[in-house]
Amino acid sequence: MTDARVGGRDTLGLAPRVKALAVADPVLDLERRKPLLTMRGWAGYQMEELALTAIDTVTLKMDFEDGARHEDVVEAVARVAGLQMPDRNNEEHAEVARWILDSLLNVGTVDRDFSHVYGMAPEGAYASHRFSFKLLREVAGHDGRPRLRVSNEAIAVLVGAVDIDIASEQVAADAKLEALIRRGRLTDAYRAAELALRRTVQYAEYIRTRLEGMRRDIRSVDWIRDVQGMQTEALEHIEDRINAESTIKDNLVRMMENSTEDATPAQAAELIEILEECLRRHAALQANLQEAGERFRAEQERQTFVPPPSRSYVDFKHQLLQPTLELPVRQAYPLLDGFVAAATPPRRPAIVYLPDLIAGLMTLPAERDGDDGLIVEPEFGDAEDVSAFSDEQYTAVTSLLTRADADGIRLSALLKLARRHTANDGRGKLDHLLALQVLGLFGAPRYDPEHGTTLAALEDGNELDDELFAGNDLLVLRGPAAVNPSIEKDTKEAVV
Amino acid sequence: MSDVNDMAAVNRLLAFGFQPGLTPRRNAEYAALVGRCRTDPAFAQLLHAAARGFDLSVITVDSRAGLVLGTTAETQFAVSVADHISKPADRPIAALAHLAIVALAYYRPEDLDDEAHVGRVTVRHVDAMVEQAAKELERRAAEADVDDGVPVDHPDLIRLWRYYQRRNPVASTGDDRAHSKSRHAIIKRVAEYLADNGMLRRAGRENGGTYTTTARYQIQVRELAGQRMLGELAALGITVGPDSEPSFSSPGSASADPPGTAASPSPPSAEPGA
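As they're listed, the protein sequences go chains E and D.
The first sequence begins at 0 in numbering that gives the first Met the number 0 and counts up by one.
The second sequence begins at 0 in numbering that gives the first Met the number 0 and counts up by one.
Just so you know, the hints here were simulated from the structure itself, not pulled from any lab data.
Any given hint could be a false lead.
To be verified - Among the chain E residues that face chain D by a calculated CB cut under 10 Å, a handful are:
#1 Ser131
#2 Ile273
#3 Leu320
#4 Leu324
#5 Val328
#6 Ala331
#7 Gly337
From the three backbone atoms N, C-alpha and C, an ideal C-beta is built for every residue, glycine too.
Between the sequences and the hints, there should be enough to build the whole structure, so can you do that?
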């Protein structure tokens with residue numbers, strides 16, 4: 000009975016605003032997570048704009064029955080991503096869009112939920128609560144594939160209508176739209192029209208759930224309070240909207256005829272398009288409303304006027320399912336588990352028999368069966384072992400090292416020579432190879448049996464001043480064998 | 000005093016009863032034993048005694064369903080959701096799916112009494128029914144202005160319907176397979192389990208999987224499961240009249256049931272489950 004208990008008067012009164020902020024957080028979080036994806040170099044994209052585009056797209060695409068398809072949303076987001084970073088290719092734009100969509104769905108968590116902790120202080124005692132919400136819901140489409148719908152929380156925060164009556168906001172939106180068109184501010188008018196469309200979608204969503212509920216169970220809907228009231232209200236709403244939209248369209252056409260600006264026709268065409276979309280939506284809404292009465296009567300006939308049962312049995316839906324749904328999981332689960340035990344046939348229990356257990360533990364895990372067959376075993380082709388440096392480079396470095404004599408030559412000087420060499424040959428990594436070789440000589444002097452000399456690198460405290468490498472400026476010298484016993488002791492490492 | 004042969008026959012019948020997929024129509028020996036049970040009271044008595052030894056109860060011996068066994072509280076043979084759903088987070092949803100499948104298959108209580116009734120359920124419609132009930136509760140909660148939070152230190156105090164709503168009915172995966180943690184997938188797993196145990200019959204793949212009920216399922220939920228759960232709910236102080244809203248008699252829960260929700264235009268004699 001938690002809901003009832005926490006329903007007491009909250010003395011803090013912060014919860015609604017904390018929740019509203021929490022809904023915005025996943026969107027802002029995308030921008031914060033962006034730098035973590037340094038490998039991909041996506042710093043140039045404005046992630047929260049892309050996220051809002053995704054939410055807008057789903058809001059506009061979801062209608063009475065269906066939701067938006069994943070690929071449509073990805074396409075719309077990728078288009079905006081393309082505007083933000085035109086020099087990147089389309090593949091990357093789509094990849095960014097998919098990342099945005101996955102993040103908004105919170106793919107990877109069990110519930111695909113976002114949650115936020117907030118506090119309430121009913122009767123003065125502070126208690127933390129967890130608020131769970133979704134931005135995008137996945138529902139089954141007509142073909143059983145997932146479709147996207149925007150959650151109520153997201154619509155509320157997105158449109159900023161947390162506590163505002165739907166109908167009155169629509170009137171305000173109309174007034175704003177008309178004024179903007181009269182003043183010729185078409186870009187703003189476009190935004191306002193889009194906003195008006197979003198309100199219509201919200202209205203339709205409300206009515207859709209009512210009708211759906213009626214189809215399932217007639218008793219869940221109160222005809223006088225819910226259906227009739229809603230029907231009149233919605234029909235009035237549609238009438239007003241159709242009037243308003245026609246006026247706006249007339250205004251717009253008149254303005255286009257008188258207009259002298261170049262940009263106007265294209266903008267006006269977009270505006271007309273969205274207004275037509277509004278009219279189409281309203282027609283659908285009206286058709287559904289007109290059917291409502293008929294459907295109610297048909298459902299009443301189907302559901303209510305049936306002969307009474309000869310014996311009294313348990314009504315599973317009303318007597319068991321509904322009360323159980325209202326229980327907290329802690330209480331409901333043992334009840335339901337008892338139901339499962341009673342409603343399923345007895346089974347042979349698995350008795351743990353020690354030899355079986357040992358055999359079971361020793362067996363290799365079974366191969367995954369057919370359901371997972373989509374995972375393709377990777378096939379590895381033969382790849383040649385490409386060495387990092389070519390033979391010529393080794394020869395070049397060896398010839399450079401012959402310059403070392405008993406007086407020694409500095410690593411910096413060798414590097415300089417190597418780079419000049421590089422410039423002549425066009426090879427990229429000669430200085431790297433040289434540095435590696437010299438570092439090797441520092442740890443393990445190379446004995447040359449032909450001349451009885453040793454090639455070694457010594458550290459004498461000079462710092463290397465180089466654009467690529469840092470550490471000690473090693474001295475490479477060639478001397479008679481066993482002349483440098485101090486090398487082993489000096490373990491200070493030159494950092495390359 | 001029954002002889003050894005009778006004892007063997009009784010145990011043979013019990014063994015048949017442990018194979019829920021098997022019906023007397025498919026096995027002549029089974030059919031003969033069922034027939035004997037119905038005509039020979041001493042044999043039936045012996046059967047009941049033998050079942051008691053297993054801590055099981057004989058619900059009925061039916062010519063269509065065969066021997067229908069029920070579990071008692073002490074038995075080792077009872078099935079738990081944990082046996083066929085491995086992830087603890089999925090179990091409340093799966094257990095609810097068991098109940099919802101029955102509720103949809105026998106949508107009207109009189110369906111339970113009608114031997115000719117064959118319930119038809121699909122994964123999609125089971126989910127839609129629970130979703131609809133959850134939406135109704137959500138609407139009522141919104142009207143009553145109930146806070147939807149869950150205490151951080153007691154996550155299992157979340158209402159079952161909110162727990163259900165938090166799961167996506169379906170979820171996208173990278174490669175078009177069903178997401179294993181989605182509600183549809185869990186309901187499907189439960190329905191498949193029931194089908195494997197002779198309670199449902201697979202009837203097609205439409206709407207996420209279509210199933211029809213068997214006589215055994217009807218008897219089992221009618222005679223045992225429904226009554227038992229109704230009693231357990233009553234023990235918690237929750238009683239529901241056949242055609243009214245639930246009433247919670249435990250203190251502190253009054254706000255869960257806002258007043259004036261049952262004013263329906265249907266005639267006053269509206270029947271249960273209508």
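Self-check item: chain D contact restraint for Val328 of chain E - C-beta distance below 10 Å
Solution: The hint holds - Val328 of chain E has a Cβ within 10 Å of chain D, the shortest such distance being about 5 Å.
Quiz item: Does the interface hint hold: is Leu324 of chain E within less than 10 Å of chain D, judged Cβ to Cβ?
Solution: Constraint on Leu324 of chain E satisfied, holds at 4 Å.
Quiz item: Given Gly337 of chain E as an interface hint, is the shortest Cβ-Cβ distance to chain D below 10 Å?
Solution: holds (6 Å)
Quiz item: Measuring from the C-beta of Ile273 of chain E to each C-beta in chain D, is the shortest one below 10 Å?
Solution: violated (29 Å)
Self-check item: Restraint outcome when Ser131 of chain E is required to lie within 10 Å of chain D by C-beta distance
Solution: holds (6 Å)
Exercise. Let me know if the C-beta of Leu320 of chain E comes in closer than 10 Å to any C-beta of chain D, holds or violated.
Key: holds (5 Å)
Quiz item: Given Ala331 of chain E was flagged as interface, is its beta-carbon under 10 Å from a beta-carbon of chain D?
Solution: At about 4 Å, which falls below the 10 Å cut-off, the nearest Cβ of chain D leaves the hint on Ala331 of chain E intact, so it holds.
In terms of the numbered hints stated before, the structure departs from hint 2 and from no other.
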